[in-house]
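Those protein sequence lines, which keep their order, are chains Z and X.
Throughout the first sequence, residue numbering follows the numbering used here, covering 1 to 115 in sequence.
Throughout the second sequence, residue numbering follows the numbering used here, covering 1001 to 1114 in sequence.
Calculated from the structure, these hints are not laboratory results.
C-beta atoms are modelled at their ideal positions from N, C-alpha and C, and glycine is treated no differently.
Any given hint could turn out to be false.
Pairwise CB distance ranges, derived in the manner of DEER restraints [claimed, not checked]: (1) Z:His-85 to X:Met-1011: 35 to 41 Å; (2) X:Asn-1098 to Z:Pro-108: 50 to 56 Å; (3) X:Arg-1072 to Z:Leu-68: 39 to 45 Å; (4) X:Arg-1072 to Z:Asn-70: 41 to 47 Å; (5) X:Pro-1030 to Z:His-85: 26 to 32 Å; (6) X:Lys-1070 to Z:Lys-20: 39 to 45 Å; (7) X:Val-1078 to Z:Ser-54: 39 to 45 Å; (8) X:Gln-1002 to Z:Val-3: 40 to 46 Å.
Derived DSSO-like pairs: lysine-lysine, alpha-carbon spacing no greater than 27 Å straight-line [what the hints assert, rightly or not]: (9) Z:Lys-41 to X:Lys-1073; (10) Z:Lys-66 to Z:Lys-41; (11) X:Lys-1101 to Z:Lys-64; (12) X:Lys-1101 to Z:Lys-20; (13) Z:Lys-41 to X:Lys-1003; (14) Z:Lys-41 to X:Lys-1101; (15) X:Lys-1101 to X:Lys-1073; (16) X:Lys-1003 to X:Lys-1070; (17) Z:Lys-14 to Z:Lys-41.
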Amino acid sequence: GAVVSQHPSRVICKSGTSVKIECRSLDFQATTMFWYRQFPKQSLMLMATSNEGSKATYEQGVEKDKFLINHASLTLSTLTVTSAHPEDSSFYICSSGSANQETQYFGPGTRLLVL
Amino acid sequence: AQKITQTQPGMFVQEKEAVTLDCTYDTSDPSYGLFWYKQPSSGEMIFLIYQGSYDQQNATEGRYSLNFQKARKSANLVISASQLGDSAMYFCAMRDYNTDKLIFGTGTRLQVFP
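So that you can see chain Z by itself, here it is in the shape it has in the complex:
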């Protein structure tokens, strides 16, 4: 399957700071990338869909000014958690997709802890 990397794998930050998470598709061009959030013992919740070269589409209830998504190239999408607060602590995971790819492949995820 396709390879998706995510960086960092783990981050601890102080409340009020911003954190950037990178998602890279290593062996194919991802026209679409998806960002999910997962709380402990829960399922994945889709936050937003990012398409290369255009604005991200956010799911209902997700603050676009809080979670900034940039998909500047076919291999890189970034999620920036701005002015992070303890309630933003979660597991963030991205996945890749393209028109000719049936399956979404996931990155290894990023564990964010906001103190």
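Put chain X on the given structure of chain Z with help from the hints.
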């Protein structure tokens, strides 16, 4: 609206035995894709198997097979010859071809014991 239901929050199976994880879905679209992912404690989502709505045969991938019953709208995952390393969360998901989004079930935690 599309929906995935996994009714088993937890399952136990003895090593080398087979286990079935249940998944039912609801959609009015004739075209859809069904997926199973494994999530070990490390958190990564590992793709296991895919079944298309028009596929005539049940999908198989090594020890994984998908028992696809279209009329019942079920897509159960069968793991044969369970191994200790199979202990993980398992998520069933459906792809919405209108949006390309994946809709996930709540997951089943599988524990394999010796």
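Status of each hint after checking the structure:
In this structure, His-85 of chain Z and Met-1011 of chain X meet the distance hint of 35 to 41 Å, their C-beta atoms being roughly 36 Å apart. Taking the beta carbon of each, Asn-1098 of chain X and Pro-108 of chain Z are about 29 Å apart, not inside 50 to 56 Å as hinted. Here the CB-CB span from Arg-1072 of chain X to Leu-68 of chain Z is close to 43 Å, well matched to the stated 39 to 45 Å. In this structure the hint that Arg-1072 of chain X and Asn-70 of chain Z lie 41 to 47 Å apart at CB holds, the actual value being about 43 Å.
Pro-1030 of chain X and His-85 of chain Z have their C-beta atoms about 44 Å apart, which leaves the hinted 26 to 32 Å range violated. Take Lys-1070 of chain X and Lys-20 of chain Z: their Cβ atoms lie about 44 Å apart, and the range 39 to 45 Å holds. With their beta carbons about 41 Å apart, Val-1078 of chain X and Ser-54 of chain Z fall inside the hinted range of 39 to 45 Å. Distance hint check for Gln-1002 of chain X and Val-3 of chain Z: the Cβ-Cβ separation is about 28 Å, which falls outside the suggested range of 40 to 46 Å.
Between Lys-41 of chain Z and Lys-1073 of chain X the alpha-carbon distance is near 26 Å, which keeps this suggested pair within the 27 Å criterion. For the hint linking Lys-66 of chain Z to Lys-41 of chain Z, the alpha-carbon distance of about 24 Å falls within 27 Å, and the restraint holds. Taken as a hint, the Lys-1101 of chain X and Lys-64 of chain Z pair is honoured in the structure, with Cα atoms around 18 Å apart against an allowance of 27 Å. Taking the CA atoms of Lys-1101 of chain X and Lys-20 of chain Z, the gap is near 23 Å; set against the 27 Å cutoff, the hint holds.
A hinted pair counts as satisfied when its Cα atoms are at most 27 Å apart, and Lys-41 of chain Z with Lys-1003 of chain X qualifies at roughly 19 Å. Between Lys-41 of chain Z and Lys-1101 of chain X, the direct Cα distance comes to roughly 21 Å. Compliance with the 27 Å bound is thereby established for this hinted pair. Between Lys-1101 of chain X and Lys-1073 of chain X the alpha-carbon distance is near 19 Å, which keeps this suggested pair within the 27 Å criterion. Only pairs whose Cα atoms come within 27 Å are accepted, and Lys-1003 of chain X paired with Lys-1070 of chain X is accepted, the gap being roughly 15 Å.
Restraint check for Lys-14 of chain Z and Lys-41 of chain Z: the C-alpha separation of about 24 Å stays at or below 27 Å, so the hint holds.
When each numbered hint is compared with the structure, violations occur for hints 2, 5, 8.
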